[in-house]
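> The primary structure of each chain is shown beneath.
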Amino acid sequence: MATDPALAAFLALDDDAVAAYADARAEALGLALPPETLAGVIDNLTLLRRQAATFTAAINDATPPAPEAFEP
Amino acid sequence: MSAVDFRSAHAVAADVRSGRTTARAETEAALTRAQNDPFNAFTAVLADRALSQARAIDADLIAGRPVGPLAGVPFAVKNLFDVEGVTTIAGSKIRRDAAPAIHDATAVQRLTAAGAVLVGALNMDEFAYGFVTENAHDGPTRNPHDLTRIAGGSSGGSAAAVSGGLVPLTLGSDTNGSIRIPASLCGVFGLKPTLGRLSRQGAFPFVESLDHIGPFARSAPDLALAYDLMQGPDPLDPLCRRPAEPAAQRLQAIADGPLRVGVLGGWFAQGAFPEVLEALEIVADALQARRGVELPGAEMARAAAFCLTPVEAAHLHFEDLKTRPLDYDPAVRDRLLAGALTPDAVAEAARRYRPIFRDAARKLFEDFDILLAPASVCPAPGIGQATMEMDGQPVSVRKNLGAYTQPISYIGLPVVAAPVNRPGKLPIGVQIIAPAWREDLALAAALRLEQSGVVAAHRPSEARA
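Line order of the protein sequences matches chains X and W.
The first sequence begins at -6 in my numbering and counts up by one.
The second sequence begins at 199 in my numbering and counts up by one.
In short, the hints are calculated from the structure, not lab data.
Glycine is no exception: its CB is placed at the ideal position from the N, C-alpha and C atoms.
Please note that the accuracy of each hint is not assured.
If you anchor each label on the Cβ, the simulated ranges turn out as follows [said to hold, decoys possible]:
id, chain 1, residue 1, chain 2, residue 2, range
1, X, 47, W, 472, 49 to 57 Å
2, X, 1, W, 454, 49 to 57 Å
3, W, 458, X, 9, 46 to 54 Å
4, X, 16, W, 283, 42 to 50 Å
Same shape as in the complex, but just chain X (with noise of 0.2 Å):
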């Protein structure tokens, strides 16, 4: 699915590849990132592309976008 570029480009992402994902999108956010965060935060971070890929299989461009408010 993904045809919006930032997911598509998060979920094509290699493991390898994240460290440098997270280091480009810090800066660009602004975001300082101590050392002692780098290894959990990538860790992390390639938890949530995986996450990211199981669900985002379900939707496709036919799938309505999320409501403003959800009702249960």
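Given chain X, work out where chain W should sit, using these hints.
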């Protein structure tokens, strides 16, 4: 500590109303227990406020004035709830310098108006992000059934305080399982209502689109009573618009009637420890449940909730992550930073998948009144334990304890976490899941199970017997 008091909130209220005891005596005893708390459940004890309210209740009783249904019942709240005059720390270091709250949270106001006496605030995972309550700033909350084990989280203090006999009623919050996991690991009852049912006003937010609040207690009737007293619309919480639909008086009739019950299989049966599945079987047998019911998309729902959580939470914390990241609990900080770096489109996709999964659950509820699932993957892990085994693979405790709770809160369904009656063993709870806005069904099923002895909260000493 003073002797463990394991009476229900109903029993305490009856004792106070009948004159067998006083609100002041109950409050003083609860304050003493809180001040000598061996579980590190309490982070603040509010003696002046509590004693002042207790004196007022006793004066009303002596004068023959009406009092609320919880008059004289001590309670405590997770320290993310606003309490007038107290800084809402939400388990963090960062908020310790924040101004004290000006008002009580709506839920605290409503319980107080019903006569319940607030005696303190309770430990939690920092900013509610975790399932362990091993707080880097306040220390771990210990499981009353085994002090070397975690209480679960993020509302670990709330579960331990009820389980350990400190107070009969507490409040917590649940975004991904933070009421259901600690209730399960500590062997008490917990209710996560439908998203939007109870006001979150004055509860420090974690993930606004997923946040719920709810009570912990030692019985299903206590849960129902507290739940009823907190219901009703709140103009200060845009999600909380529904008129109150009191449940407590209807529970017995529902419990005595037919209930169509299914046991969720698939995702909800993968990786669970054998004793968790055995406990679930006991409950399923008692409710004559149909086994192996599939809720399509549960794994994807769990993944969506897993991703939505840090991305949305990071927005709330972005300025602090920029300026003082090292003041966060490291276990929380790294997850929030990763969320900040994740494209917003991931969260948007997680929100788009939500109605798809909700509709799958709605379809399933055409055939069932109640669905059962394990609450936690395993009984309480040890304090400091980083990994556990799921399906033979080592996985993070912090990230996987909520594997079975996350899909359900993602679509806001009401759930009672009920402790399976297995004296002598570590507590294990089950999720009793109902359709949206049908808390009464989940509470009634819990009541039926409690009355038949299938679920029960135990004193810690009984659990060790």
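> Confirm or reject each hint.
Cross-check of the supplied hints:
Checking the proposed 49 to 57 Å range against residue 47 of chain X and residue 472 of chain W shows it is violated: the Cβ atoms sit about 26 Å from each other. The beta-carbon spacing between residue 1 of chain X and residue 454 of chain W, approximately 55 Å, falls within the hinted interval of 49 to 57 Å. As the Cβ distance of residue 458 of chain W to residue 9 of chain X is approximately 50 Å, the hint placing it in 46 to 54 Å holds. In this structure the hint that residue 16 of chain X and residue 283 of chain W lie 42 to 50 Å apart at CB holds, the actual value being about 45 Å.
The earlier numbered hint that this structure contradicts is number 1, and it is the only one.
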